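Assemble the dimeric complex from its two separately framed chains, guided by the hints.
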Amino acid sequence: MAQVLMKDLNKKYDEVHAVKDLNLHVRDKEFVVLVGPSGCGKSTTLRMIAGLEEITSGEIVIGDRVVNDLPPKDRDIAMVFQNYALYPHMTVYDNMAFGLRMRKYPKAEIDRRVREAAEILGIQDLLHRKPRQLSGGQRQRVAVGRAIVRHPQVFLFDEPLSNLDAKLRVQMRVELKRLHERLETTAIYVTHDQVEAMTLGDRVVVMRDGWVQQVGEPLELYARPANRFVAGFIGSPAMNFADVTVLEQGGALWIEHPGFRLRVPPDRAARLQPYRGQRVTFGIRPEDLRVATGADPQEYTFEAVVEVVEPLGPEMLLDVRVGPATLPLTMVVRVDPSVRVRVHEAVRLAVDPERMHFFDLRTEAAL
Amino acid sequence: MTVPAACATDTGSRSGAVLRAAAPGARRARRREVLAAYGLLAPASLLVLGLLAYPVLWEGWISTTSLSAQGGAPTFVGLANYRRMAADPFFWRATLTTIVYFAATTGAKLVLGLAMALLLARPARGRALVFLAVFLPWAYPGGVTVVAWYWMLNPPLITSYSLAVGQLKHAVDAVLGPGAYAFASVALFNVWRGASFTAIFLLAALNAIPTELFEYAQLETRSPWLRLRHVTLPLLKPFLALAVFLSFTSAFADLANVWMLTGGRIVFPVLGTYAYWLGVRRGELAQAAAWSLALVPVLLAALLVLFRWFDPPEERQA
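Heads up: the sequence lines are chains A and B, in that order.
Yeah, the first sequence ends on 367 if you go by our numbering, and it's all consecutive.
Yeah, the second sequence ends on 318 if you go by our numbering, and it's all consecutive.
If we strip away everything but chain B, and leave its shape as in the complex, we get (with noise of 0.2 Å):
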């Protein structure tokens, strides 16, 4: 061990050696490149730190402020705004909902896209019509589909079935409370959308697979169950941890959707269109700036899991 340490202690005064004899020109030269490096990296840099961190140091100030729409200069007031939001049991109610139209939507557009994925990837007759059908809902604009389906779901002119639709609302809402249905409506749509981008996303990562690793499971074993859980899914882990990543991003910070959806009546809280509706319809941004901050921590823990799982460190070489 101390051999090689000393072989690179040594060669590292050498070539430390050689760069000083060929200063300055040298320098001069590397101290060139250091700059056209930083002025490379300014225009991303400005972007992240414009568009992406500002904004959030910002709102995570705000959060400690007493700023509102209604006046007053704002005072600092520590974190008063946090302590009221824990307090509301409307903030629970909104966590919890939250969390259940993650874990509900992110299941059923994994089985879904994974299912569609399975499906596309075995060569068949008129697959390319079936690509088609699938990614379409993802591709359409979704402010066009949102209409769609809430049209759909709530019928807005006396239609043939604008019947059926009310009874069937008023059965899901008389079986599992107040809200229910618009919560189904929400998150039919977001499955919708999300499985078809799930299963083109897993689909493309199936190609990526040598066709070898499959063809071995076939040798070994005629249950496609086996295969499935032994062969595809370990293959796809780091796919699937990617898909759910994505998928957060739907269930929390989509607000456009659900306000759309449930035509801006609150008539189930999530945490962000709570937010939304704090903040611009109320005017108190302070508070809003808290409930929106609420799920920070969280996130930022099962994003660092998932991008282990996506992106696993190297593991030592032989």
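Looking at chain A on its own, in the form it has when it is part of the complex (with noise of 0.2 Å):
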């Protein structure tokens, strides 16, 4: 139904530039999820496309007109907040009626509509209490199911599931991925969480002090980060950087650090070529690491101590100091639980040299 279009948008407060040239195409039907750390300006880029800020300069589209001077309610949007903006004075209904009355619909519609949503979101039974007799995650509902009676063009989430607890959570994110399923609408979602980003998201957008960082598919993100900041952004635990030089011997490329020497994969040697004698960073997710056995080439594997194991139940996480005591990596290994290991033991890693990543040390793009 609808399509939503940023142009160059940038947002400048007093002395904060909260938003840089943003350009972001989300299709029609598509849910696309805004991810950064606080402050990175995923939320004021959502308050823009919902018309609570002004834009400073560039052109945001909805549908095919631009709403730049559009006031909110006339954006054909509908949002919903982390704290959930339930009215504490209005049952349930008239939360859900609220957004209707304000625009006049005739009764029997509003109350079509309501009842409708409600049962969609299973909070038929709740309609007459206030909001304060509900749990978070009722409240939640009723947030969504606000949104949902107006039959908007694009939905708005911001951080709409972090009020709740880590359980309520899980069960919320799932019942949003269904309920975009079966309204096909195009949402656009905010969150600093990237397990919610990866999980909710057809695409997601990370973002971080104002800039986009990268535009992708979850998988592409993870798999191809634009650059070390989205390395280390996307996945938990996050992935193992370390400081290495470039060296070039026997007609192979290497990187090296105090505590292990790596051949760069052929693949990858004409990327690296021009940094020989420099140093770059090098990059391993903890699940792109695993314990050496003898069939694993010499040039792929290196020493490490045990120094914590956490045994999570379904995997085992190991974290292990990577050279000499006096300049320690300190890395996060993730392994079968089947591993047996001991704190203090020394082990013998090895790396997936398909999935190894290397970045500029001064622009931290991806090599």
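The set of hints was computed from the structure by calculation and includes no laboratory data.
A quick note: this is a predicted structure, and the numbers were derived from the prediction, not measured.
All clues stand as given, with none of them false.
Straight-line distance between alpha carbons at most 25 Å, and here's what the computed DMTMM-like set of lysine to aspartate or glutamate pairs gives: (1) A/Lys73 x A/Glu59; (2) A/Lys73 x B/Glu215; (3) A/Lys177 x A/Glu217; (4) A/Lys107 x A/Asp94; (5) A/Lys7 x A/Asp28; (6) A/Lys12 x B/Glu212; (7) A/Lys177 x A/Asp125; (8) A/Lys20 x A/Glu159; (9) A/Lys104 x B/Glu212; (10) A/Lys104 x B/Glu215; (11) A/Lys7 x A/Asp69; (12) A/Lys130 x B/Glu212; (13) A/Lys130 x B/Glu215; (14) A/Lys73 x B/Glu212; (15) B/Lys237 x A/Asp94; (16) A/Lys73 x A/Glu53; (17) A/Lys12 x B/Glu215.
Structure representation (structure tokens):
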């Protein structure tokens, strides 16, 4: 029904440049998640789309209308706030009907829509309660229901699950995804939680300091991060990083660190050739490291000492020290729980050469 | 229903047994704690009893006696003072004046205070200065401002505007009856001072309400009037009720301002000033007590209603 287009979007406050030259095309029916640490400009972007913040420069198009100068209520969007923003003096029914009443819909139509939305969300029995009589999860449903009844062109979600406890958050996450499949409405969702971003988004926009870092499908961000920030932000536990020197020896490129020396995979050598003799950042995800076996080629393994063992059940995390004690580098390794290791034990680790990441030390761009 | 009840008694008796087992050491510690609690409550209780309860009860008592400054041992007269008061047409006029005074000033204070609070709630350049200006009437000592207002409204000397004010006074009194100008001056002062307080008070309330509640309304309607009616006012209701509550005090108990602004002349009667006049000027202490207690039942009823508004009983949890 509606695309959302952002062209060279900027937001400047007196001293802060909150959003910088943002360009994004959210396609019709797409679920796009804006993710980043606090202060990255994601919420500001959402609020500009909603019309709660003025646009400093640039353009926002919803459907085929430029909405820059349209008041919020004419933008045909519905927003769900982090703290739900339910009116304490109104019943659930009145809260859900509020927007339609303000727009002077006929009573029968309002009633039909409210009951339909209540049924979708399973809150039919709560319609006559006041918000304070509801649990966090129920309030969340009412807030979503209030958006659904409007049949908007675009849903805007501002960290809607942040106030819920961990278990409920996982449950509501699934419900939101199911809801989106059912309603087929364009949705823009803001969160600081990368897991939420990865599980909900058809595409994910990673932001930092007002800049878009990368836009892509979740697995694309995971497998091919555009820079060191995205690489570290997406994935949990985070990617391990080490500053290394690129060397050429015996016709091959190597990266060297006081704790290890690894061969650059031949297909990556061309990109790293210009960095010979210089330093780059090497990155490897915890799941792309494992305890080595005899079959692993020497040039992709290195020594480490186990410092902490975290058995999580389906997997086990090892915090290991790499390199001399005077220059310690800590890495996290995700291994099968059947692996038998003890604290202080020396282990040999193998890297998956296909999954090695390299970043320019200065620009942090992926190589 | 029966099962949990049984459980409750069960655990109850068991904890009772535990308590008994722990005695007497635990019981002594508990008694010490209770004594300490009463000890800590004592200063506040003494203050409330000595400064609030005792005078009111004493006033209630003397209103049923013949106590008077003219001497003679007071005797119990029952409700005679109240009967005399009810028969006095002046009492009914004073009551009406007081109620009109309360209603008019409270209404004006709420409207002006709310308007100022709403204007101050939005970020703007120079907001701090405006805030200060709004705050000043309330922060300034009442005794000083009253004199300023008195001189402004009743110029004591020949000034450039004395004539104009004099004509205004006569015009007002001619249309609305004698005492109307004095009534208007007192009301004006009350509103000037009270609106300032109400504004600061409501501004604090507005700032305490999560902004999303207002933002959501902004997403749904453009009409500021609809937003005010359906969102801002209901959210402010407890605070507005509290403002009315506080306005009661200034209308019914604020003798000083009325007295000073009218130069001590009873040009129009409100219950407070007339009671003062009866008691202090004429020495009819018992009669004065009856007058000042006359509206207490009405006030209590009104306060109860207001209290439910700004401190609504907890609704049943889900």
